[in-house]
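*Asks:* Work out the full structure: start from the sequences and follow the hints.
One-letter residues, chain by chain:
Number of protein chains: 2
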Amino acid sequence: MITEILATGDEIRTGALVDTNSGYIAEKLEEAGIAVARHSCVGDDRDALISIFREMGGRADAVVATGGLGPTTDDLTAEAAAAAAGVDLEENARALAGVEAFFAARGRPVTASNRKQAFLPRGADMLDNPVGTAPGFAMQIGRCTFFFLPGVPPEMRRMLENHVLPRLRRLQGDVRQHCMVKTITTFGLTESVAGEKVAAVTREFPRVKLGLRARFPEIHVKLYLNGTDQPAMERLLDAAVSWTTAQLGKSVLSTEGASMPAVVGGLLRSQRATLAVAESCTGGRIANWLTDVSGSSDYFLLSAVTYANAMKTDLLGVSPRTLELHGAVHEETAREMAAGARRIAGADYAIATTGIAGPSGGSAEKPVGTVCIGLATPDKALGRRYCFPFNHRGMNKSMFAMTALNLLRRALTPEGN
Amino acid sequence: MITEILATGDEIRTGALVDTNSGYIAEKLEEAGIAVARHSCVGDDRDALISIFREMGGRADAVVATGGLGPTTDDLTAEAAAAAAGVDLEENARALAGVEAFFAARGRPVTASNRKQAFLPRGADMLDNPVGTAPGFAMQIGRCTFFFLPGVPPEMRRMLENHVLPRLRRLQGDVRQHCMVKTITTFGLTESVAGEKVAAVTREFPRVKLGLRARFPEIHVKLYLNGTDQPAMERLLDAAVSWTTAQLGKSVLSTEGASMPAVVGGLLRSQRATLAVAESCTGGRIANWLTDVSGSSDYFLLSAVTYANAMKTDLLGVSPRTLELHGAVHEETAREMAAGARRIAGADYAIATTGIAGPSGGSAEKPVGTVCIGLATPDKALGRRYCFPFNHRGMNKSMFAMTALNLLRRALTPEGN
Chain A
-14 MITEILATGD
-4 EIRTGALVDT
6 NSGYIAEKLE
16 EAGIAVARHS
26 CVGDDRDALI
36 SIFREMGGRA
46 DAVVATGGLG
56 PTTDDLTAEA
66 AAAAAGVDLE
76 ENARALAGVE
86 AFFAARGRPV
96 TASNRKQAFL
106 PRGADMLDNP
116 VGTAPGFAMQ
126 IGRCTFFFLP
136 GVPPEMRRML
146 ENHVLPRLRR
156 LQGDVRQHCM
166 VKTITTFGLT
176 ESVAGEKVAA
186 VTREFPRVKL
196 GLRARFPEIH
206 VKLYLNGTDQ
216 PAMERLLDAA
226 VSWTTAQLGK
236 SVLSTEGASM
246 PAVVGGLLRS
256 QRATLAVAES
266 CTGGRIANWL
276 TDVSGSSDYF
286 LLSAVTYANA
296 MKTDLLGVSP
306 RTLELHGAVH
316 EETAREMAAG
326 ARRIAGADYA
336 IATTGIAGPS
346 GGSAEKPVGT
356 VCIGLATPDK
366 ALGRRYCFPF
376 NHRGMNKSMF
386 AMTALNLLRR
396 ALTPEGN
Chain B
-14 MITEILATGD
-4 EIRTGALVDT
6 NSGYIAEKLE
16 EAGIAVARHS
26 CVGDDRDALI
36 SIFREMGGRA
46 DAVVATGGLG
56 PTTDDLTAEA
66 AAAAAGVDLE
76 ENARALAGVE
86 AFFAARGRPV
96 TASNRKQAFL
106 PRGADMLDNP
116 VGTAPGFAMQ
126 IGRCTFFFLP
136 GVPPEMRRML
146 ENHVLPRLRR
156 LQGDVRQHCM
166 VKTITTFGLT
176 ESVAGEKVAA
186 VTREFPRVKL
196 GLRARFPEIH
206 VKLYLNGTDQ
216 PAMERLLDAA
226 VSWTTAQLGK
236 SVLSTEGASM
246 PAVVGGLLRS
256 QRATLAVAES
266 CTGGRIANWL
276 TDVSGSSDYF
286 LLSAVTYANA
296 MKTDLLGVSP
306 RTLELHGAVH
316 EETAREMAAG
326 ARRIAGADYA
336 IATTGIAGPS
346 GGSAEKPVGT
356 VCIGLATPDK
366 ALGRRYCFPF
376 NHRGMNKSMF
386 AMTALNLLRR
396 ALTPEGN
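Chains as they are written, first to last, in our numbering: chain A, -14 to 402; chain B, -14 to 402.
Keep in mind that the hints were calculated from the coordinates and are not lab data.
It cannot be assumed that every hint is accurate.
Which copy is meant is left open, so a pair is good if it fits within one copy or across any two.
Unchecked claim - Computed list of lysine to aspartate or glutamate pairs in EDC-like fashion (alpha-carbon distance at most 20 angstroms, straight line):
#: 1; residue 1: K194; residue 2: D32
#: 2; residue 1: K194; residue 2: D(-5)
#: 3; residue 1: K167; residue 2: E241
#: 4; residue 1: K101; residue 2: E176
#: 5; residue 1: K194; residue 2: E(-4)
#: 6; residue 1: K365; residue 2: E181
*Replies:* Below is the structure:
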């Protein structure tokens, strides 16, 4: 089966927006054992769309396309798909009902332009969009089945999972190949060092394929296996995961693909422990990550984002003398911030960050990338200093936040993993 | 001139790596007035490469291609380009000298696999790579001039600038087209309503092209103009921006492309005012956004992320009676949270959020998507309730955070914009 991916939209064509959808779709398809032959992108141009739909219709068996399903005049996908297939657009009853229900649930009238979204090529099979107004659709153009999805990532992702992957698996037919994948999440190694440590997995387990993914600042190590005998595959892949995990040592967060905030949350939950956070340079990023995990209210009590020094003293009880002697970015300040957050929240554990994310604020002694992390536990409170090489505010905030969570993770892990 | 971009490599094809090169190249080409017709990606496969080189050679005038120039066996670009053009590979003296100089400068011997990089299609024009071992090359396939560059971003960027852009400008000839773009950021309208309001801009200003971009929950309206006379274009685009802004009314955040946190930060800075935040359901997202803006420490003092109810009373001074009577998600709770944050931080303004981001925690009376926002100013403190239709934790957190910032923005805007 020849499968291709198409992104549409002037923003991607002109480089105003980096296309992350195509990579995401490719990864999900490859994980499902469906090889991707090619990606393409064209802009919001009727002729360019018709031309590429016809090309793909002549050479591919399946295409997953994103974008151009919105309600505005530069959303041309349905019109161009109809023209490429030589059919008319017609109001799709299920699509209209979906759009009407979306607006009715919100007590708002359906606009004329949203009604346009219910016009699909004749014969198209509407694909329900549970999180937005734009329905997708599947249809045949030439020899190829096209799946048209909205370009908004959360909508696209949900519809890919619900509608497209099951149908692609059916299209692929009786090739009963399974593709299994295990994801080992790590923090603390660079991509190249992690790669060197695990490269020999394909020699130890010749059927296993290895992939490294930088999800900054985590590195995810993926092991893929194709085959037909699921129980045997499971055993082989488990053995490969054990071997790989042993090479990676203490940098391993999870062998089930879990990211740091979920791993830390799981440790807190299983120990019935609670957490408070005091954030200066991370500016709420730790709290934002922790609360992206559903159910985090079970263990997360408070983050005091004390950007101003006065808040560090007044709210967290950091000693003015400490700030005067050492400044805001210091191990002792971080230690007192963590101890203060733990005390005011009545939490079992607390972490704290104070550092210089940049681009300004660095000095020779404390350059951009410097962070002090505090940790308070039922037994102790400590502060540590780190310096990272990034000259990028967002990367530093993420690296600082991850380092603080990692210090907590290791304190919560019995063997000090 | 028909110009296309091609990325090659299995990592991009399979989604292991997001292709940032193509977007970067597209942006640089469009800035130089060279319209990009299409992007494509194929993997490290000799037949797939030959096939797409021939296709492009038949339909495009220029192609900028990245990847596949490295020293390993899956680097097949030169071989496939030679096959597509019907010529042999031969050792290129300039390329070999470049590779040898690179290794000599580092005191390392040239390996056999690096020597392979000096073999280029006969007749190809070597493009010097000052930062890596892989030389690029330019050559004709069919009617089209191909520029082959390495996939490593810093190498590609330097060579695009040094070699490709000057040659593309010459190929394009004396049509010195510029492309100008203005971005109007908005919040509060759906994409479809915004689209209807501004659709007529292309009738009022026939040379202007319109694009709408959902950067959830902001909607960005983009106006594009191509031409040769920059001052005249500037005037025309300014008039189109004024017309469009008038249609969009109070939903306009910025006509310079600024996002909500930067706009709110700018207003606070210009009024020498300070801000405190109290976050429950947004879990630190407001603070994280505000502190992504460099220099935010000038006005942002504190966010108290009070996930636990006890923190709302102990830290922010919300009355236990209010929580008992109304619960955590209520206008009065939000109002008291904002007033408390303003008081403890000694800030001029404060905003607060308390709501139900989901997926759990909803009820008939307060469904998932309900949020109460508090605002405290030097004159007053108030609470407001909103209900959003999203059944997605991340989308709700973003919508709640944006709504709170928007309430503050309007309080800070003289005419209550």
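*Asks:* Please work out whether the CA atoms of K194 and D(-5) approach to 20 angstroms or closer within one copy, between two copies, in both situations, or in neither?
*Replies:* Only across copies: K194 and D(-5) sit 11 angstroms apart there, 36 angstroms inside one copy, limit 20 angstroms.
*Asks:* Treating 20 angstroms as the Cα threshold, decide for K365 and E181: within, between, both or neither.
*Replies:* neither (36 angstroms within a copy, 61 angstroms between copies)
*Asks:* Given identical chains, is K194 near E(-4), meaning Cα to Cα at most 20 angstroms, within a copy, between copies, both, or neither?
*Replies:* between (35 angstroms within a copy, 12 angstroms between copies)
*Asks:* Could you place K101 and E176 in one of the four classes (within, between, both, neither) given a Cα distance threshold of 20 angstroms?
*Replies:* This pair counts as between: shortest inter-copy Cα distance 13 angstroms, intra-copy 47 angstroms.
*Asks:* How would you classify K194 and D32 at a CA-CA limit of 20 angstroms: within, between, both, or neither?
*Replies:* So K194 and D32 pass the 20 angstroms test across copies only (16 angstroms; inside, 39 angstroms).
*Asks:* Using 20 angstroms as the alpha-carbon threshold, which applies to K167 and E241: within, between, both, or neither?
*Replies:* Classified as within; 7 angstroms inside a copy, 45 angstroms across copies.
Hint 6 from the earlier list is the only one contradicted by this structure; the remaining hints agree with it.
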